[in-house]
Amino acid sequence: MSRSYDFNRDQEGIYQNQMTRTKTVMKKILLRSGMLLLVLAPGTVFMSGVSSIASSGGVMERIHHADKPYDSMKMDKAYHQQVKTVRAKESWQGGMFRVLARKDAITRFRCSVCHTDKVVRVKDAQIFTHGDIEINHGKGENGLECIQCHDEENRDFLSDSSGKLIDFDHSYQLCGQCHFRQKRDWIGGAHGKRDAYWAGERVIRNCTSCHNPHSPAFKTKMPETYSLPLDK
Amino acid sequence: MDTSKKEGQMKPDDLPEEKSTRRTFIKKLSIAAAAGSAGLVTGGCVGGDNTTEKLGLKWEEYFKKNYRMMTDKEKKETVTRLEKLAKLEDDLNIQMSTQEPREKVLFGYAFNISRCKGYMDCVEACVKENNLDRNSKTQYIRVFEMDSGQQDPTRGDGKYHHEVPVENKYYMGIQCFHCENAPCIKACPTKATWREPDGIVVVDYDWCIGCRYCMAACPYWGRRFNWGEPEVPKDEINTKQHYLGNRKRMKGVMEKCTFCVQRTRQGKLPACAEACPTGSRVFGNLLDPDSEIRYVLKHKKVFRFKEELGTDPKFWYFMD
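Chains A and B are the protein sequences, given in the same order. The first sequence begins at 1 in my numbering and counts up by one. The second sequence begins at 1 in my numbering and counts up by one.
In isolation and in its complexed conformation, chain B is listed as follows (with noise of 0.2 Å):
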C-alpha cells in the first residue's frame, strides 16, 4: 500500500465520526503507529518485536470490506493480512482458504432419529473442527434426548450425562439448518450474514457488530454469541481455516455452524457426519439426484422441524 496515503488515513480529522470506542481505538492506535513508524526512521524494529508489522496489518484489517463486497485481490490480500498476523501473535501456522462455492452444489443434511444413540461425539468433532470457544463451552450442536411420541425438543433433555441410549428415548441432533428462507439473514441489520449460492448461511465476523437480533429471529437456537474472547489451547487449534468458517472469532460477534465450510467445499463430510459412530447423519448435494441425500428424501418418511414457520430449512429428520 502507498505509505503516503496511509499516514493521510492516520490524520485524526479524516476520521469518520463513529463511537466512542471505536473512536479510542483508533486513537490509540494512530499514536501506537506513529511511534512505531518512529522507531522505523530511527533504526528499524527491535529484534522479536513485530509491533509495528501487526500494528500496519491491523490497521489494514479494520477498513477492509464485507466479504461480499471484497474483490478476488481483496480477498487474498485479507486472507493473507490474517494468516501472518496469526504468526505474528499466536506463533501458528494457519492456512485460510476463500473457496467459492461450487456450482449445481446445493447442501442438504438429513438426521435418523431412529439410529442417533445419543453418543455425541458429532459436537466433540465439531468443537474441535471449528476452533469453538472451549471456556462457555459453546457448542454449535445440542442433542436432545426425547421420549418418544415428541416432537418438540423444548420438552427433551439436552443437558443429558447418562449411559445412552436408554431404553424408550430416541435422540435429536438440532444444528444451524441453513433455512432458504432464513429469518436470521433478515434480522441483520449490518448484512453481516447471508446465504451463500451452495445454500450455507455465514457470518462476516468482521462485519458482526453482536447485536443478537439474529439469535432472536433463529426459531431452532442456531446461534451461538461469544460473550468473552473465545479460547482455544493452542495445541488444539484447526489451523485449516475458512474466512466464512472456523477462523479465530473476537469477543461480540455471533458464529454459527457452517456446514464445516472449511471441509464441504472440498468434498469432505461435516466434521459431525464423518464423526458420527452410527450413521445417522447423511450429507450431501441435494441437486444431484444420485446422492445419499436425495435418496433418504426419496425413500424414507422425513419431516423439517418447525416446517410450518415458512423457513425452508435444509435439514431432514428421517426414521428407518
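One chain only, chain A, in its complex shape (with noise of 0.2 Å):
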C-alpha cells in the first residue's frame, strides 16, 4: 500500500513540474490578453453596459415571474361599501366580482308601477310616455327603439334577443349581446374601471354607471382645467 502511494507521490511530482511550466505559459497568454483587453476596454466596458441593462430584463422580467395572486384582501383597509354593489354573474380570473348597482338610480322604478292597462291622460303624456328620453342609440337604420332593450310584457326588465329576461342591475348582460369586445375588456378589467380601490374585493362600475344608456356616447364639453405652456 504505502509503496505504491510513494509511487504515486513520485507520479504527481512529475505532474506537478509539467503543470508549473503549463502555468508559466498560460501566464503569459493570460498578460498578453490582458494588454489586449486593456486595449478594447472602452469597447468592452460600453458592450457590457449593453448587456447588463438586456440582461437585468427589469420590470417585464418581473412581472413575467409574478404568478402568484396577490391577497389584497389582507390589507387593513378593505373595502368600504359605501355604495350598493351587486354580485356579476360573470367571472373573473377564476373568482367573483361586484358591479355598482343600477335600479337604485333609477327614480321612477318600479316601472310596473305607472305601466298598466290604466289610460293616460293628455296633460300626462309628457311624463307617462318619456318624452324627456333622447335615443341616440346605433346608427342610422340600426337605431334602436325601447323595446329592443326594454321587455315589452314586463316593463320592471330588460330582455336580450332571445327573449331572455335581465335584471336592470345586470345590464352588462343586454349590452354584452353587440358590445361583446367591451364586455370582454370590462370583465378583464381593460374597459370600465373599479371603483374606489384597486385592493380589496372587486367592484367595478356596471356599463350604466358611465354611458347613459339612452345616449351611451361621451358627450363633448369643456375641460375641466387647462394647463400653462410647458416653456413658461
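If you are wondering where the hints come from, they were derived from the structure by calculation, not from laboratory data. All values reported here derive from a predicted model rather than from experimental measurement. Watch out, some of these pointers could steer you wrong.
If you want a taste of the chain A side facing chain B, the calculated C-beta under 8 Å gives, among others [what the hints assert, rightly or not]:
id	residue
1	Glu61
2	Arg62
3	Tyr197
4	Trp198
5	Cys210
6	Lys221
7	Ser227
8	Pro229
Virtual Cβ for every residue (Gly too), placed ideally from N, Cα, C.
From the two separate chains plus the hints, produce the assembled complex.
Structure, rendered in C-alpha cells:
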C-alpha cells in the first residue's frame, strides 16, 4: 500500500513540474490577453453596459416571474361598502366580482307601477311617455327602439334578443350582446373602471354607471381645467 | 429631548460650516430661541404666542435625517412634529402617514389612448389631492391633444382649452412614469430622491437642495419645481397626507407625482384614476397576475413612451 503510494507521489511530482511549466505559459498568454483587453477596454465596458441593461430585464422580467395571485383582502383598509353593489353574474380570473347597483338610480323604478292597463291622460303624456328621453343609440337604420332593450311584457326587466329577462342591475348581460368586445375587456379590466379601490374585493362600475343607455356616447364639453405652456 | 444637549447644540462654535444663508438662519434661530427660553424662565409664554414651541420644533426638524436613514421612532417623531407645526402655524389638523410599502406590491399604470376624451378631470383631482401650488398652477399631469398618427407629445397641444373631444384627435396624458431605471434618481447629488420597493419614485423634500438636475435628467417632463412658496387655500388643503407624498412643500424643492402614495398604500386608487370619467386610467399591482393592469399588459396592444431610452417606465399606453 505504502509503496504504491510513494510511486503515486513521484508521479504527482512529475505532473506538478509539468503543471508549473504549463502555468507559466498560461500566465504569459493571460498577460498578453490582458494587454489586449486593456486596449479594447472602452469597447468592452460599453458592450457590458448594454448587455447589463438587456440581461437585467427590469420590470418586464419581474412581471413575468410574478405568477402568484396577491391577496389584497389582507390589507387593513379593505373595501368599505359605501355604495350599493351586486354580485356580477360573470366570473373573473376564476373568481367573482361585484358591480355597482343600478336600480336605486332609476328614479321611477318599479316601472310596473305606471305601466298598467290604465288609460293615460293627454296632459300627462309628456311624463308618461318618457318624452324627455332622447334615444341616440345605434347609427342610422340600426337606431334602437325602446322595446329592443326593455321587455315589452314585463316592464321591470330588460330582455335580450332571445327574450330572456335581464335585471337592470345586470345590464352588462344585455349590452354584451352587441358590445361583446367591450364586455370582454370590461370583465378583464381594460374597459370601465374599479370603484375607488385597487385592493380588496373587486367592485367595478356597471355599463350604465358611465354610459347613458339611451345615448351612450360621451358628450363633448369644456375640459375641467387647462395647463400653462411647458416652457414658461 | 435633553435640554442641556439642546443648549449645547445652540452654541455658535458647534455649528457646522455651511452656506451663508443657512448660517444666518441658524444664527437668527438660536438668538430667537435664546430669547424664547429667557421668556420661559421669566414666566412662560404669553397667551396665544407659541413662538418658543414653534422654534423648538423647527430646530429639531432642521437637524433630522434623510427619510431612508430614519428609524421607525424617528419617523414617528418627525411626523408628530410636522403635525404640531401645521397646527401652530396654519391651524390645520393634518394626519400624516409614514405607511411603508406593502410586500409583493409593485405599482403600475396603464392609460387608454383610445378612450381618453381630454376632459382633464384627472388633472383637477390631482391638484386638489396633492396640495399643488395654485399660484404657479403646478400640475403633475399634462394631457396633450394629438393628431392621429403622432406619438410624440412634443408635437401635440398641451395647452388646449376648447370643447373636447375634437374629431380626429386623441388625448395622451403624461405624468411621472416611475421608471425602474430612473435617470432622475441617478442625477440627484444629495440622494433626496429614490425608488421605493413598491416602485414609487419619491422625493424627501427636506433633503432636496433644489438643483433641478433631476428635472433636466427626466426625459418625460415628470418633475416640478417650486419657484416660490406653494400656496393652497386653507379650506382646500387635503389633510390626509404622507411624508413622501402630498405634505407641505417649501420654496426651492422638487416635487412630482407619487402615484398618490397617501392613497395607494391604503388600497385606494390614485386620485387621477378615481376621477377619470372615461375609464382610461388603469392602476394596480403588477405582481398580481389577476390584476386589471396585468390583463391590459397581456391582452392589449401596449407601448411605453420612449422605451428605447432604457428607463423602464411602469406606465403603459394601450388602445382598444
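Inset, instruction - Kindly indicate which numbered hints from before are broken by the structure, ordering the numbers from low to high. - result: 1
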